[in-house]
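Student: Build out the structure end to end from the sequences listed, making use of the hints.
Line order of the protein sequences matches chains D and V. Heads up, the first sequence is in the numbering used here, so the first residue is 1 and it goes up one at a time. Heads up, the second sequence is in the numbering used here, so the first residue is 1 and it goes up one at a time.
Derived by calculation from the structure, the hints in this document are not laboratory data. Note that the Cβ used here is the ideal one computed from N, Cα and C, for glycine as well. Mixed in with the good hints there might be a few duds.
[Claimed, not checked] Which residues of chain D face chain V? A partial, calculated answer using Cβ under 10 Å:
| no. | residue |
| --- | --- |
| 1 | TRP44 |
| 2 | THR261 |
| 3 | ASP453 |
[As the list claims (entries may be wrong)] Stretch-level coverage of chain V by chain D, calculated; a stretch enters the list once three of its residues show a Cβ under 8 Å from a Cβ in chain D:
| no. | segment |
| --- | --- |
| 4 | 20 to 29 |
| 5 | 115 to 125 |
| 6 | 179 to 188 |
| 7 | 282 to 289 |
| 8 | 299 to 307 |
[As the list claims (entries may be wrong)] Think about it this way: if two alpha-carbon atoms lie no more than 16 Å apart in a straight line, the pair counts; the simulated EDC-like pairs of lysine to aspartate or glutamate are:
| no. | chain 1 | residue 1 | chain 2 | residue 2 |
| --- | --- | --- | --- | --- |
| 9 | V | LYS119 | D | GLU97 |
| 10 | D | LYS130 | D | GLU171 |
| 11 | V | LYS143 | D | GLU97 |
| 12 | D | LYS130 | D | ASP170 |
| 13 | V | LYS102 | D | GLU98 |
| 14 | D | LYS119 | V | GLU20 |
| 15 | D | LYS119 | V | ASP26 |
Here are the chains, one letter per residue:
2 protein chains.
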Amino acid sequence: MPLKNKKAGNFTEWYLELVESAELMDYSPIQGCMTIRPRAYAVWEAYQALLNAKMNADAVSNAYFPMFIPESFLTKEAAHFEGFAPEVAWVTQGGNEELAEKLAVRPTSETIMYHHFAKWIHSWRDLPLKVNQWCNVIRWDTKTLKPFLRTREFLWQEGHTAHATEKDADEMTLRALHWYRDLCENYLALPVLMGRKSESEKFPGALYTTTIEALMPDGKALQCGTSHQLGQNFAKMFEVKFKDQNEGQTYAWQTSWGTSTRLLGALFMTHSDDKGLVLPPRIAPLHVVIVPIAKEQADRDMVMGAAKRVRDALSEAKLSVHVDDRSERSPGYKFNEWELKGIPVRIEIGMRDLAEQAVTVVRRDSGAKESLPESQLALKVPAMLEDIQKSLLDKATAFLKANLRPASNLTDLTKTLEDGKGFVFSPWCGDPRCEEAIKEETGATIRLIPFEDAPNGGCVMCGKASQRTAFFARSY
Amino acid sequence: MPLKNKKAGNFTEWYLELVESAELMDYSPIQGCMTIRPRAYAVWEAYQALLNAKMNADAVSNAYFPMFIPESFLTKEAAHFEGFAPEVAWVTQGGNEELAEKLAVRPTSETIMYHHFAKWIHSWRDLPLKVNQWCNVIRWDTKTLKPFLRTREFLWQEGHTAHATEKDADEMTLRALHWYRDLCENYLALPVLMGRKSESEKFPGALYTTTIEALMPDGKALQCGTSHQLGQNFAKMFEVKFKDQNEGQTYAWQTSWGTSTRLLGALFMTHSDDKGLVLPPRIAPLHVVIVPIAKEQADRDMVMGAAKRVRDALSEAKLSVHVDDRSERSPGYKFNEWELKGIPVRIEIGMRDLAEQAVTVVRRDSGAKESLPESQLALKVPAMLEDIQKSLLDKATAFLKANLRPASNLTDLTKTLEDGKGFVFSPWCGDPRCEEAIKEETGATIRLIPFEDAPNGGCVMCGKASQRTAFFARSY
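Tutor: Okay, structure coming up:
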């Protein structure tokens, strides 16, 4: 039962079929809200554990803040309110009573958190304050909705920090961004570009926004995580200030940064194929599935014995292993099912294998099949998993590199965007009017401006001397 | 800085001061919604890890379902709707548009989950289906609100299962209840009573509800977790049915069960004292704090060296250890602060200690202080932590036992409730009118009916022959 749709043929239908058939999600009765099924949620939990470890090592503490935010809080920072108001879901009724003030279901938590920060921060001794929250957020989006990539409710983490100096906040902003890049590249096998957002694309209320952007197989860019230097904007609105070492009052410098279940969509979309889900082993909840094959009832005990032996040996090697001992399903059915569900390695054990004291090992990514002596599995399977991990990253990196192309004027930019996939980079003068004109002309936005940049010629739009390179792409 | 209020004196004020001063929570601008600060959230994470391990071993998978539930879903099961409607927060507006159908912010997720269950369950092969969700829920409660114990938003887990037979669902209901009891007693050191709820106290829509109930120091009962056998009620409303092995169509038998951040309130309230928080070591995020004491600057290096040595030795022994090396705070300030924040064991290291190759070890629960040779710490400190754990449970168990008293008629019941704390047990005929009359007369409700029960005399209210014992108490 391979998928009906082909990744190379009808990509959108293929993705929608994939996430539903592989039991990653299900549609909810409310448009734009979805259910995250156990197989996808387990990947999210694996991501949580990895990011928690990084945050913990940096003394970022998890906490939980109320989901409801009074309208008066949201309106305090004008740009912030303007940015989020069109997408807020409002609670107006509690039980049978109309509420006196309507409550926003959080689209993000700066305002409610900084109200608390102001109460908790008094002196330089209280800084830095670093808090993270794993929660659900609502953005009543009217753009095209797509499972995981754009949903009205999603799960995310939002890290929020307060610092004594601008430099400390700058460093925190970049540190969080580097965590995200490391997790994307080295665990999700998603290579990303890193840089700043333009003024028009930055977080509403931030001083500047940094971003990591990945490239999806259909050629669209996907923002995978952002980290914002908030400056003292919110601190001034919410009175987040502290007594410094000279007894003067100073406003704190703040950052916020987030990643969401959108990452799961990027992950599923990037690596999967026409047979179903492909997961990089380092983020896969289950590494190995063992399918015992006994045509005769008499062989069953021996085959099952071997399956359990192999399971124990691999568990000992810290792998997560499942023995599929269902008697009501054929081996062929099981192969298809576990391919659809993206288990990185399948081990088949039949009487012929046992006769040779070997088992058949099949890689999910390439489909390559080999016979391996049972005694070598505890060494070879972990190495194979690492090889799958590397191979998925290499493939995605090659795709990203092949789809980074330059353009020097608007005609060239338009044509390059039309002709192929991915990012097109060009000099840009920095004027938002040029940015807007390009967006109208091509449908592409500035995804990022790389951190390492240099004067590089005339603006792709207006021709003026430019201090920066902009990476343009159509995006999710 | 011990607390201003005394636990034995003004209990309610003491509790409110405790949770705020020990930085466990903070009040939100929205009445009844609170912020869970990192010190309390870390305890919740420890609880999550423990329950996840139990669920995982029983093949219960975590997932995530939408927070918004259409009004039409909630109304499908009549008793369920009637039970929850008065406490529902409603979203009526998305962005700038009025919604066509108002959306409930989940007070519990039976309806939305079983809509999905109906799509996922086709055959007996799909059963049992066991899913759990960690999430926030809203109950727009109008009763007296209290941090952790009763808040309008709280965090919880809700397990939901579907089974082929009534017996399987009965067993699941009890299995979950036993997980809760084990975690309460053996980790949170909260002894509980276990039993069934009366018909009037059961979950709206359930066949029957089982419960664990703890006793708070002020004598009020606290429901710590419930597990419901839902029968086929919801299955019939949401068409959760399956083809059985004889090809017949049968409705599934379902259960749901939950515990919430309310447990944290029970935990904090039960063990803490006039100096602040006391935490059982098995649930404490931090086991040991080390306070280096160097009066002279010249001694500092030696004392800090010893502190790090001790930290490494205890970390090696799997303990979580913090060295408080702040130079701007005095040892006395630090002692008070860590007592307030409930670190189970404090280790003081000064020059006098070092001269004897020893350190001073102080138990948070009893305040007992002893000098221990540095070489023995990796053995003695873990043993001391286990002793603290046992001692907290023993104390709470003695308190619960001392406050379980019998009564045989209404006068006796009223008087016994008035005279002391805790539970009063009496024969009860089972008639809800007797239950209601007792509630009106005494303010006490039936907290549970024990599982092991026998005919035991005349109903405490009406005198009729009774088949069951009811445990009455005033409760949170």
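Student: Now tell me, hint by hint, if it's right for this structure.
Tutor: Evaluation of the provided hints:
no. : hint                : verdict
1   : TRP44               : 8 Å, holds
2   : THR261              : 8 Å, holds
3   : ASP453              : 37 Å, violated
4   : 20 to 29            : holds (count 3)
5   : 115 to 125          : holds (count 5)
6   : 179 to 188          : violated (count 0)
7   : 282 to 289          : violated (count 0)
8   : 299 to 307          : violated (count 0)
9   : V:LYS119 - D:GLU97  : 35 Å, violated
10  : D:LYS130 - D:GLU171 : 13 Å, holds
11  : V:LYS143 - D:GLU97  : 15 Å, holds
12  : D:LYS130 - D:ASP170 : 14 Å, holds
13  : V:LYS102 - D:GLU98  : 13 Å, holds
14  : D:LYS119 - V:GLU20  : 12 Å, holds
15  : D:LYS119 - V:ASP26  : 9 Å, holds
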